[in-house]
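*Asks:* Residue strings, one per chain:
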Amino acid sequence: MKRLILLLLSCLLFGGAGLAAAGNTAQQTVSFEVQNVNELEFVGTPSLVLSSISTTEIWMMEPDSEILSYHITFNNPGYIRARLLSRMQEYSELFVEMEAPPGGTSYGQKSLNDYASGFPYGFQTLVNTGDYGKARNLRITFTLEAFVIVSPGSYTNTIEFVVGGI
Amino acid sequence: MKKMLLCLLLAFFAFGKESFAGPFYYVDVFYEIKPVTEFWVSGNPPPLIIDSMLPGDPSAEVSDENTTWSFSSNEWTGYKKVTGKIDQSMPDHTYLKVNLESYGGKSSGDVALTTDPQNLVTNIEFIEEDCIITYKFGASPAAGTLSGTRIVTCTVADM
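In order, the protein sequences belong to chains A and B.
Sequential numbering of the first sequence, starting at 404, is according to our numbering.
Sequential numbering of the second sequence, starting at 38, is according to our numbering.
These aren't lab readings, by the way, just hints derived from the structure by calculation.
Check each hint, because a few of them may be wrong.
To be verified - Ranges between beta-carbon positions, derived for each pair:
1) Ser450/A x Gly115/B: 30 to 38 Å
2) Ser468/A x Ser107/B: 21 to 29 Å
3) Ser177/B x Ser554/A: 50 to 58 Å
4) Gly141/B x Asn479/A: 32 to 40 Å
5) Gly80/B x Ser557/A: 30 to 38 Å
6) Asp517/A x Val78/B: 58 to 66 Å
7) Thr448/A x Val78/B: 36 to 44 Å
8) Asn103/B x Glu444/A: 51 to 59 Å
9) Arg542/A x Asn103/B: 42 to 50 Å
10) Trp113/B x Arg542/A: 45 to 53 Å
Using N, Cα and C, we set each Cβ at its ideal position, and we do this for glycine too.
Isolated chain A (complex conformation) (with noise of 0.2 Å):
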C-alpha cells in the first residue's frame, strides 16, 4: 500500500512538472511580408498657356512649361512611366520631364504623344528610381509646344503614371 502511495505521489510530482515545462514554452509561427511599395504624390495640376508666336520659330507657338513636384517611396527597383489617355490636338505635343530620387536616373524630357496625329505613343519611361528610397519635392517638369495652326482653345488631358514593374 505504502508503495502504491509513494508511486502515486511520483506521478503527480513528475507529472505535474512535465505539464509545467510545456507551459513555459510555448511555440508560435509567425508570418511576416513586406509587399512591393510604390507609393507617388503629385503636388498641384498643371497648367500650360501659349500666348503667343515663337521668337525663334513661326511656325511654332512659345511652348510654355510648367514645374510642380511630386513625392515618391518605394522599396523594389523600378520606373516611373507615363503616357496619355486621350489624343492631343493635332500639330500639338506635350512632353513631361521627372528628376529621379538619389540612386536613380532620369531619362530627360519624353515626349507622350506624336505632334502630327496628337495620339499618345502608350508609356514612356521616365525615371529609372533605383533600388529603393524616398524623397519628396522631386521636380516635375509639363511642357507644351504646339504649331500655329493648332486651334485656339482650352483643353484637358490626363496623364497616367505607373510606377515599379521591371
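Dock chain B against chain A, hints included.
*Replies:* Below, chain B without anything else, positioned relative to chain A:
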C-alpha cells in the same frame, strides 16, 4: 492552328508590354492656346537717297530690299490682307512705292503709297516668313532738293 496560336502569342506579348501591375496615378493637365496674330517687320530701311540722275531721264529712282515682313496667326477667320499707308503725302514730283513679297498670299506688286490705306498683300493664310519689302523712292528734276521721312503703317485685317 499553329499560326493562330502564334498570332495570339504575338498579340499577348505586343499588348503585354503595356500591362503594368500598378499602382497607377493620374494627373490632369489643363492647357490653353490663346488666339494670337502677330505681324512684324525686321526694322527700318536705310535712307533712300537719289544722288544722280541720268541726263534726259524724266525721273530717277532708288530702291532698297533690306527689310522683311513676317506674319503668323493661329486664328482662322478667313483670308487676311495687309494694307499700307503713309502718315503724310509725299512731296510733289516724288513717290514712294512699296512692294511686299508674299509666299502664300497674293502681292499687289509695287504700290505708290498715299495717306489712304491700300492693299499690299491679299489672300494671306496662317504664316508668311521673312518676305522681302522693297521700297522705291523716285523723284523728277522738278522736285528739286529735299529731304523728309514718312511713317509707313502696315495693317493686317480680315479680307
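*Asks:* For each hint, tell me whether it holds in the structure or not.
*Replies:* Status of the hints after comparison with the structure:
| no. | hint | in the structure |
| --- | --- | --- |
| 1 | Ser450/A x Gly115/B: 30 to 38 Å | 31 Å, holds |
| 2 | Ser468/A x Ser107/B: 21 to 29 Å | 25 Å, holds |
| 3 | Ser177/B x Ser554/A: 50 to 58 Å | 52 Å, holds |
| 4 | Gly141/B x Asn479/A: 32 to 40 Å | 56 Å, violated |
| 5 | Gly80/B x Ser557/A: 30 to 38 Å | 36 Å, holds |
| 6 | Asp517/A x Val78/B: 58 to 66 Å | 36 Å, violated |
| 7 | Thr448/A x Val78/B: 36 to 44 Å | 40 Å, holds |
| 8 | Asn103/B x Glu444/A: 51 to 59 Å | 57 Å, holds |
| 9 | Arg542/A x Asn103/B: 42 to 50 Å | 45 Å, holds |
| 10 | Trp113/B x Arg542/A: 45 to 53 Å | 37 Å, violated |
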